[in-house]
Amino acid sequence: MEPAAIVALAANVALAVLGLALLLTAWRIIAGPTLSDRVVGLDMLTGIAIGFIAVVAVKTGFTLYIDIAISLGLVGFLATVAFARFVLSRGEQQVPTVPPAAKKTKRKDKSKRKTAKPGRTG
Amino acid sequence: MDYAVAILVALLMLAGAFFALAAAIGVLRLPDLYSRMHAASKAGTVGSGLLLLAAGIYSGEGAILARAITGIVFLLLTAPVAAHLLAKAAHATGHKVWDGSVRDEMRRR
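Protein chains in written order, with the numbering used here: chain S, 1 to 122; chain H, 1 to 109.
Don't take each hint at face value.
DEER-style ranges, computed between Cβ atoms [as the list claims (entries may be wrong)]:
(1) Ala66(H) to Val81(S): 25 to 31 Å
(2) Arg85(S) to Glu105(H): 21 to 27 Å
(3) Gly60(H) to Ala82(S): 23 to 29 Å
(4) Glu105(H) to Gly91(S): 20 to 26 Å
(5) Ile57(H) to Leu88(S): 21 to 27 Å
(6) Trp27(S) to Gly60(H): 35 to 41 Å
(7) Tyr3(H) to Ala31(S): 23 to 29 Å
(8) Arg103(H) to Val75(S): 43 to 49 Å
(9) Lys88(H) to Ile29(S): 20 to 26 Å
These are calculated hints, taken from the structure and not from any lab test. Keep in mind the model is a prediction, meaning the values are calculated, not measured. Ideal Cβ placement from N, Cα and C applies to all residues, glycine included.
Assemble the whole structure, with the sequences as input and the hints as a guide.
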């Protein structure tokens, strides 16, 4: 087996695995219950895209792709920071997918706290 | 091209793709925003860093390898900052931790 064939085979396998990772992250972005979950998925997507570009750089031999990967990392960082500021200023925009059973458990916790506090202080 | 370089580049690419897949599975399967963030920022950074290192070694030129290492250092610097900012923003806006979490030291009392 030639050295170039080894690298080409590994690049193909890596591209397939990265594509699977991209699909799983896209699933989280679609399903993610809150805005913060989607921002985490977007951050992950940028990282996978950087890896994709690096594998394409190996596969095609154009080393200029590495510069593109660096600039994509910069843009992804700025996007995540901007989204974090947005979440901080706007608050969570909760999609009403939480079933009423979960809300009931939260209320139970609050009532437990209320009943537990006087016992601690007294 | 040498056999040693080819095998090294192939192993680095496979390891990087594996780490990226592990991070994606973690983002999909973990129960909580904060634990998902831990999977994305650590394993994801290692995955793209290994792939960039493979591309830099494969080129065989010092300048391009240095550029790839610059990219890795940049990733290692920015990923924790972004994850920390996002976690602080989510916590400040009242994002609940998972019920199985042991403690939440930033909770307002």
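Structure-based check of all given hints:
1. Ala66(H) to Val81(S): 25 to 31 Å: For Ala66(H) and Val81(S) the Cβ distance comes to about 27 Å; the hint holds.
2. Arg85(S) to Glu105(H): 21 to 27 Å: Taking Cβ atoms as reference, Arg85(S) and Glu105(H) lie about 23 Å apart, which means the hint holds.
3. Gly60(H) to Ala82(S): 23 to 29 Å: Violated: the Cβ-Cβ distance is about 38 Å, outside 23 to 29 Å.
4. Glu105(H) to Gly91(S): 20 to 26 Å: Taking Cβ atoms as reference, Glu105(H) and Gly91(S) lie about 22 Å apart, which means the hint holds.
5. Ile57(H) to Leu88(S): 21 to 27 Å: With a Cβ separation near 40 Å, Ile57(H) and Leu88(S) fall outside 21 to 27 Å, so the hint is violated.
6. Trp27(S) to Gly60(H): 35 to 41 Å: 38 Å Cβ-Cβ, so the 35 to 41 Å window holds.
7. Tyr3(H) to Ala31(S): 23 to 29 Å: 45 Å, violated
8. Arg103(H) to Val75(S): 43 to 49 Å: Once the Cβ atoms are compared, 36 Å apart, the range 43 to 49 Å for Val75(S) and Arg103(H) is violated.
9. Lys88(H) to Ile29(S): 20 to 26 Å: 21 Å, holds
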